[in-house]
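S.K.: I would like the entire structure built from these sequences, with the hints used as guidance.
Going down the list, the sequences are from chains A, B and C. Just add 51 to the spot in the first sequence (first one is 1) and you have our numbering. At position 95 of the second sequence (counting the first as 1) the number is 90 in our numbering, and the numbers step up by one without a gap. Just add 501 to the spot in the third sequence (first one is 1) and you have our numbering.
In short, the hints are calculated from the structure, not lab data. Note that CB positions come from ideal geometry on N, CA and C, so glycine has one too. Please note that the accuracy of each hint is not assured.
[What the hints assert, rightly or not] Stretch-level coverage of chain C by chain B, calculated; a stretch enters the list once three of its residues show a Cβ under 8 Å from a Cβ in chain B: (1) 507 to 521; (2) 538 to 549; (3) 562 to 570; (4) 656 to 669.
[Unchecked claim] Computed list of lysine to any residue pairs in SDA-like fashion (alpha-carbon distance at most 25 Å, straight line): (5) A/Lys62 <-> C/Lys673; (6) C/Lys673 <-> A/Ile67; (7) B/Lys127 <-> A/Arg121; (8) B/Lys177 <-> C/Val522; (9) C/Lys673 <-> B/Pro126; (10) B/Lys177 <-> C/Gly587; (11) C/Lys673 <-> B/Ser190; (12) A/Lys148 <-> B/Ser108; (13) C/Lys673 <-> B/Ser165; (14) B/Lys177 <-> A/Arg95; (15) A/Lys154 <-> B/Ser108; (16) B/Lys127 <-> A/Tyr136; (17) A/Lys154 <-> B/Ala121; (18) C/Lys673 <-> B/Ser146; (19) B/Lys127 <-> A/Arg95; (20) B/Lys177 <-> A/Ile67; (21) A/Lys117 <-> B/Glu184; (22) B/Lys127 <-> A/Ile67; (23) B/Lys177 <-> A/Ile157; (24) B/Lys177 <-> C/Gly650; (25) A/Lys117 <-> B/Ser146; (26) A/Lys148 <-> B/Leu118; (27) A/Lys148 <-> B/Arg128.
[Stated by the list, open to error] Which stretches of chain B does chain C cover? Using the computed rule of at least three CB atoms under 8 Å from a CB of chain C, they are: (28) 45 to 54; (29) 74 to 81; (30) 87 to 96; (31) 170 to 176.
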Amino acid sequence: MIRLRDVHVEKDGVPILRGIDLDLTQHRIGIIGRNGSGKSTLARLLNGIETPTRGTVELDGACDRKALRRAVGFVFQNPDNQIVYPIVEEDLAFGLKNLGLPKAEIAARIDAVLERFALTPLRTCLTHQLSGGEKQMIALAGVLVMDPRMIVLDEPTTLLDLWNKRAFMAAIDALAHRVVVVSHDLDLLRGFDRVVHVEDGAIVGDGSAGAVIDDYIARSQC
Amino acid sequence: MLTDLHVPGDSPLHRVRPLAKILGLMGLCTGVFLVDAGWLVGALGAVVLAGYALAGLAARHAWAALRPALWVLAAIFAAQVWIAGPAAAGFVVGRFGVLILAAALVTLTTRSSELVDGILAALHFAPRWVPKRRIALAISLCLRFIPLVRSVLAEIRQAQQARGLDRNLSAVLVPLVVRTLKTADEVAEAIYARSFD
Amino acid sequence: MDTRDTVFIALFAAIVAALAVFPPITLPVIAVPITAQSLGVMLAGGVLGARRGALALVLFLGLVAIGLPLLPGGRGGFGVFLGPTGGFLLGWIVAAFVIGDLTERFWTRLNFAVAFAICFVGGVVVLYAIGVPWVAAVADIPLGTALTGSLPFVPGDLVKCAIAAGVIVMAKRSYPIIAQR
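M.R.: Now the structure itself:
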């Protein structure tokens, strides 16, 4: 379980997050907020890309940035910035090689993840020739292949069309992992177990998806 | 992988190991500069041209390799005729011709991916202080991002075209550089998130 | 040297490669066409600094050497280094380093004029100091002749210095990389 205690983040002297306390226990958690509210920074704290200026991010009661990074996978908004290798299977192998796994295990894991999402035909394709939807699926596969306990997704559907968005969210829904999604797409989060509303670096709403989202919409109208 | 200059084939020259070809090229290069002799340049020129025939390459491949250097070679020829006479001029320009053709022969018969693999394999044996994984990452990243930067460049030029600024280099380069730097920061984050230190 | 630096090096090498497809611009007064790629050399040093800028060029030229057609007109392979102007290509590495080093030194005072002077020193003086003697040596011609033969390119290079200086100053204002070290 991940727990944030009194987390503050400052960049160049500007406060981004101010005293966040959060226990992530639910299965599906959404994070909403206006542009610049600090929600992306909050998401980035969850796997150690960002570190708190003050306060702690605990995984099972311990502060260990390396363990956090292993336990939490991260999917970015733009898959073009996440895919680092020219060929699909090389890219999927990248994270696994960093873990120092043996070759046979790497190949087996890549086979399994490609099969799971019916992506096997893309195995030897050039990554820059994939469609946007395919790229985002490969980015997700590259995270899942690392076998994380939890997955954080930062606006993962913003660049996708309606069809790809549905397919992508169906893949997310089918995951057994704990999932945290940062999104402006409120319909996407309606079915979630919990939604957190961040504004001006602080949590202003936290609870059931319906209540928090309705409040968020009401605020936007005044 | 990007398209390289490799011309597919199954000749002995295609099959020789890339390392052997590179060593051969280096030897030839040193040889023609150490031994200042016209007969050697002539002989090696014949050998290189025989190599083109052996590899099944056409005259246009040899010509394409020489063409970009033609103006400079012509200028050098003229300067040499004036300084040392036509024989010396022919020797100097002939030497360049042989070198350029020999190098192109290696390039035309070797896949870039073979050479990348060769470099990565060689890195395996590099001493400890060489940051092997970083070098391998940098090569892969560059190959991955050349097509992306090209499409960003095309996109920016179209956007500036709409404002009549597509021939203005600054109007194209500033957004290209800034966008690429931003991309780089996000890519670095993503690489970190994927357990690379 | 961390991951971020590795990514900057790789992506700037990709910029230099991408600039090869920019069509050469011929200025009305001078007949010599201006290619955008050598602008990438000045930008690599002026935007990334000495070490990262020079390494970006090492990576780029390494990819050219292994046969990728990344120079204007789709040229590449070992041959380009063995031709008479090979010194100018290898000189790009030193030019980027010198431009980067000077940019780091004058970082707080960097404006258009300073950036222009830096690009001129690194991208013209240093580059020619390597390229011209190289041509003279491999082509067996006197240094003076080689220099005279290279002079027609200088006006175009001055235009490039001006463009690069403008871009370097703009990049410093909107996304400074060197100061963040």
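S.K.: Next step is simple, just say for each hint if it's right about the structure.
M.R.: For each hint, the structure was consulted:
1. 507 to 521: holds (count 13)
2. 538 to 549: holds (count 3)
3. 562 to 570: Answer holds; 6 residues pass the 8 Å Cβ test.
4. 656 to 669: holds (count 3)
5. A/Lys62 <-> C/Lys673: 19 Å, holds
6. C/Lys673 <-> A/Ile67: 24 Å, holds
7. B/Lys127 <-> A/Arg121: Distance ~23 Å between B/Lys127 and A/Arg121 Cα, so the pair holds.
8. B/Lys177 <-> C/Val522: Distance of about 22 Å is within 25 Å: holds.
9. C/Lys673 <-> B/Pro126: It is violated: about 29 Å lies between the C-alpha atoms, which goes past 25 Å.
10. B/Lys177 <-> C/Gly587: 33 Å, violated
11. C/Lys673 <-> B/Ser190: 31 Å, violated
12. A/Lys148 <-> B/Ser108: Since the Cα atoms of A/Lys148 and B/Ser108 sit roughly 20 Å apart, the hinted pair holds (cutoff 25 Å).
13. C/Lys673 <-> B/Ser165: 14 Å, holds
14. B/Lys177 <-> A/Arg95: OK: B/Lys177 and A/Arg95 at ~17 Å, within 25 Å.
15. A/Lys154 <-> B/Ser108: At roughly 21 Å apart (the allowed maximum being 25 Å), B/Ser108 and A/Lys154 satisfy the hint.
16. B/Lys127 <-> A/Tyr136: Measuring from Cα to Cα gives roughly 16 Å; hence the hint holds.
17. A/Lys154 <-> B/Ala121: Distance ~21 Å between A/Lys154 and B/Ala121 Cα, so the pair holds.
18. C/Lys673 <-> B/Ser146: Answer holds: C/Lys673 to B/Ser146 is near 24 Å, not above 25 Å.
19. B/Lys127 <-> A/Arg95: 29 Å, violated
20. B/Lys177 <-> A/Ile67: 19 Å, holds
21. A/Lys117 <-> B/Glu184: Cα-Cα ~14 Å, so holds.
22. B/Lys127 <-> A/Ile67: 37 Å, violated
23. B/Lys177 <-> A/Ile157: 31 Å, violated
24. B/Lys177 <-> C/Gly650: Judged against 25 Å, a Cα distance of about 41 Å means the pair is violated.
25. A/Lys117 <-> B/Ser146: 36 Å, violated
26. A/Lys148 <-> B/Leu118: 16 Å, holds
27. A/Lys148 <-> B/Arg128: 10 Å, holds
28. 45 to 54: That given contact is violated, which follows from only 0 residues of the stretch 45 to 54 of chain B lying within Cβ reach (below 8 Å) of chain C.
29. 74 to 81: Check passed, 4 qualifying residues.
30. 87 to 96: holds (count 5)
31. 170 to 176: Answer holds; 5 residues pass the 8 Å Cβ test.
Checked against the numbered hints given earlier, this structure breaks hints 9, 10, 11, 19, 22, 23, 24, 25, 28; the rest are met.
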